[in-house]
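There are 2 protein chains.
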Amino acid sequence: MAPTRKAIMFILDGLGDRPIKELGGRTPLESAATPWFDSLASRGICGLMDPLAPGIRVGTDVGHLALFGYNPLRVYWGRGPIEAAGVGLKLDPRDVALRCNFATVDTNWMVADRRAGRIRHGTSVLAEALSGAQLDNTVEMVFKEATEHRAVLVLRGKELSAEITNSDPGAGREGQPVRTVRARRPGVPMAEHTADIVNRFVRLSYEVLNDHPVNRARRQNGQPPANIVLTRGAGMAVRMRSLADRFHITGGCVVGESTVKGIALMSGFRIYTSPSLTANVDTDLNEKARLTLEALRECNFVVVHIKGTDIASHENDYRGKIEFLEKTDAMVGTVLEALESPDQTYIGLTADHSTPCGIREHTADPVPVVVAGDDVLVDSVERYGERDCAHGGLLRINANEFLLTLLDFIGVTYRFGV
Amino acid sequence: MAPTRKAIMFILDGLGDRPIKELGGRTPLESAATPWFDSLASRGICGLMDPLAPGIRVGTDVGHLALFGYNPLRVYWGRGPIEAAGVGLKLDPRDVALRCNFATVDTNWMVADRRAGRIRHGTSVLAEALSGAQLDNTVEMVFKEATEHRAVLVLRGKELSAEITNSDPGAGREGQPVRTVRARRPGVPMAEHTADIVNRFVRLSYEVLNDHPVNRARRQNGQPPANIVLTRGAGMAVRMRSLADRFHITGGCVVGESTVKGIALMSGFRIYTSPSLTANVDTDLNEKARLTLEALRECNFVVVHIKGTDIASHENDYRGKIEFLEKTDAMVGTVLEALESPDQTYIGLTADHSTPCGIREHTADPVPVVVAGDDVLVDSVERYGERDCAHGGLLRINANEFLLTLLDFIGVTYRFGV
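Note that the protein sequences, when read in sequence, are chains A and S.
Going by our numbering, the first sequence opens with residue 9, and the numbers climb by one from there.
Going by our numbering, the second sequence opens with residue 9, and the numbers climb by one from there.
Rather than coming from a laboratory, the hints here were simulated on the basis of the structure.
C-beta: ideal position from N, C-alpha, C; glycine also.
Among the hints, erroneous ones may be present.
Claimed, not checked - What follows is a list of derived Cβ distance ranges for each label pair:
(1) A:Gly401 <-> S:Glu390: 22 to 32 Å
(2) A:Glu331 <-> S:Arg249: 41 to 51 Å
(3) A:Leu403 <-> S:Thr286: 34 to 44 Å
(4) S:Glu167 <-> A:Gly180: 47 to 57 Å
(5) S:Arg249 <-> A:Ala141: 38 to 48 Å
(6) A:Asp416 <-> S:Tyr422: 28 to 38 Å
(7) S:Val426 <-> A:Leu347: 28 to 38 Å
(8) S:Glu390 <-> A:Pro194: 55 to 65 Å
(9) A:Gly180 <-> S:Arg327: 51 to 61 Å
To be verified - Part of the chain A face toward chain S, derived, beta carbon under 7 Å:
(10) Gly63
(11) Arg65
(12) Val66
(13) Gly366
(14) Glu394
(15) Arg395
(16) Ala398
(17) Arg404
Only chain A is shown next, with the shape it has when bound in the complex (with noise of 0.2 Å):
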């Protein structure tokens, strides 16, 4: 098959809803004019797409995971080496890595504030203070920071597991004590040595941070001091090809959120993004469409990421959901009609799960999906919608199928047998 052919896969996070009243029982997608979308409907191929099965509900990290070829039943990494791809650290296959937040802590270690009022500023710095510190003669230690009040902590060494408990007391549990990190079973001793370094973090971190420069300023301006360390997520790495590497595609990710750029990251695809990528309903779409527009002369997959779909539902707001589905579907207008190729790229639709304004969390619903391009079997489905979908020729795939149905087109998948 021809080696120019090339794909683009929007995925829209959270974009699968149900029947709501005030919309007179249409979901968000339903009601929004979407022109681009029900185009690339009427002249693609369209279904229903369920993350892995249907019935099972996944986490946004699980849903880009199967979109991105692996099969997360199969391999589940926890969030501490995706974070840890997000920001540019390579696992080896021993370590161990955790997702941390700089949190505030009152003197007798209650969580005051989980995010250290979501600070912006000077966490580079903070990181530095703490990297590299010797916990233990047998471990090494990168600490580094992330986006806002987010970072990772990789630990190296030949006796770490990551069966270990969280020191972070979680969402909502303002007020609680910090945690002391524990083997999830006890007398595994690679587990409770592991928990015994990471509280020795901890420690360190509220040692090192709590009368540091940066905050003895924040606590001059009034803001609660980034005075501590909470880890959660422990996962180590698991050694798999990635998608880039089993295809052979030179993959590229339009994306401005750390779990879905950590994935890609993993996946072997170049990162095209911008501070004014927010990941949320303000994100700059004009800065995507440009960016996708560049990605697509430099790879031969790109995959384009818009998060702003699934805030707009956990705050259960249709009608920004509607407002942002329509924003969204312009930029995708512009990238088509921007298309230097347009009779040589694949287009597909998808989601990572759907997440219901009513319910306000992800559910088990399947996505609608399409794949248009010049010689698909284009059925009888005219717009993009959960409903319409359901009458289209793929019927109901899961996402790891989607995908390689998508590659398939390009020409760039393997034929099993002779």
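Starting from the known structure of chain A, arrange chain S on it as the hints suggest.
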């Protein structure tokens, strides 16, 4: 999600059927007047369901295991453990359980009646005469009667195997001799040991029962004596988290039939039953409606099993199947009209497998399904039927997926990933 949401799953045993010439090429379900089923289809999301996968034909046990969330392709115990659960016997991990029949043999052990004239009275006395007998000094034995001619044998010891054959020659094999139980593969000591013990039990049953007062009375009344116990379906309990435990649901099952009762008990469900639930077309559907509403007050997931459809199908009584479907429809209507929180209650209609009247046996045809509730993506299907549901928004899913889809609507599923 709101923990107040509840669901009812109606299982119409053997529902699915094929076109019948005498019905103008319609199926019994397509021919029956079922206004309540149709109302659920109209305000629900419909589809086709395979118990396991397209083309795979299942028994009642496997169909129900799948609808209760087990994967029978991985975990199939044999019928013995299910029947043991049905009569309230709890199995330890190494126990072997067998289904038994009280049967009638002549003096040469030729089987005259595999069901001893479907004996209904006196089996508890007969069972007591056998239970606790010493078969071997390494094995404990429990023997308990079930409904009619049925009973359960449980063997408890350290050196037992369920890999043994049946002493029962099988359905339709009257006139054949009682079979000697053997190891399924010769030379496996634990299986040979277990076969030996079961053979001793069968011999003992004849010695104890042949002249038992209950049987002397039966002979005087011209009834066939229950003078032997035949065994089959040896299996071991497999430790697996029950459905109720996995999803922290309070499950209730309205049921008269013993196999489904056993599976519901293994699944951690409370049983709602009464002697008037006959597991046949003469069952007390009013009582079934009453018990369903009672269960719904105490549980958040209620399974209602209806056996009559399958009984009529096995007898090729398509008129009886239509009549029973219409009565069942009215029963479902009684439940729907009495719901305390109709907008918080999700209704599933399904079946464990198809039993086309013309075939008189289970087939692999998928069954029609519906999920109705306040916020489902209502599709264009307006009738509950094998062909109508093929156009529904669920498309084609399997029994595990149907169960999870229903449970996802009441917000009890787990999110996989963050």
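### Task
Take a look at whether the Cβ-Cβ distance between Gly401 of chain A and Glu390 of chain S falls inside 22 to 32 Å.
Holds: the Cβ-Cβ distance is about 24 Å, inside 22 to 32 Å.
### Query
Does the nearest C-beta of chain S fall within a distance shorter than 7 Å of the C-beta of Glu394 of chain A?
With a minimum Cβ separation of about 6 Å from chain S (threshold 7 Å), the hint on Glu394 of chain A holds.
#### Entry: Arg65 of chain A as chain S interface residue, shortest Cβ-Cβ below 7 Å
holds (5 Å)
#### Entry: chain S contact restraint on Arg404 of chain A - CB to CB distance below 7 Å
The hint holds - Arg404 of chain A has a Cβ within 7 Å of chain S, the shortest such distance being about 4 Å.
### Query
Should the hint that Glu331 of chain A and Arg249 of chain S are 41 to 51 Å apart at their CB atoms be regarded as holding?
holds (44 Å)
### Query
Does Val66 of chain A pass the interface check with chain S, least Cβ-Cβ distance below 7 Å?
holds (5 Å)
### Task
May I ask you to test the hint 28 to 38 Å on the CB atoms belonging to Val426 of chain S and Leu347 of chain A?
holds (35 Å)
### Message
Less than 7 Å between beta-carbons is the criterion; does Gly366 of chain A satisfy it with respect to chain S?
### Response
Holds, about 6 Å.
### Task
Indicate whether the distance between the beta carbons of Arg249 of chain S and Ala141 of chain A respects the range 38 to 48 Å.
holds (42 Å)
### Query
Has the hinted range 55 to 65 Å been met by the Cβ atoms of Glu390 of chain S and Pro194 of chain A?
holds (58 Å)
### Message
Given the hint of 51 to 61 Å, is the C-beta distance from Gly180 of chain A to Arg327 of chain S inside that range or not?
### Response
holds (60 Å)
### Query
For the pair Glu167 of chain S and Gly180 of chain A, does the Cβ-Cβ distance stay inside 47 to 57 Å?
holds (54 Å)
Of the hints listed earlier, there is not a single one the structure fails to meet.
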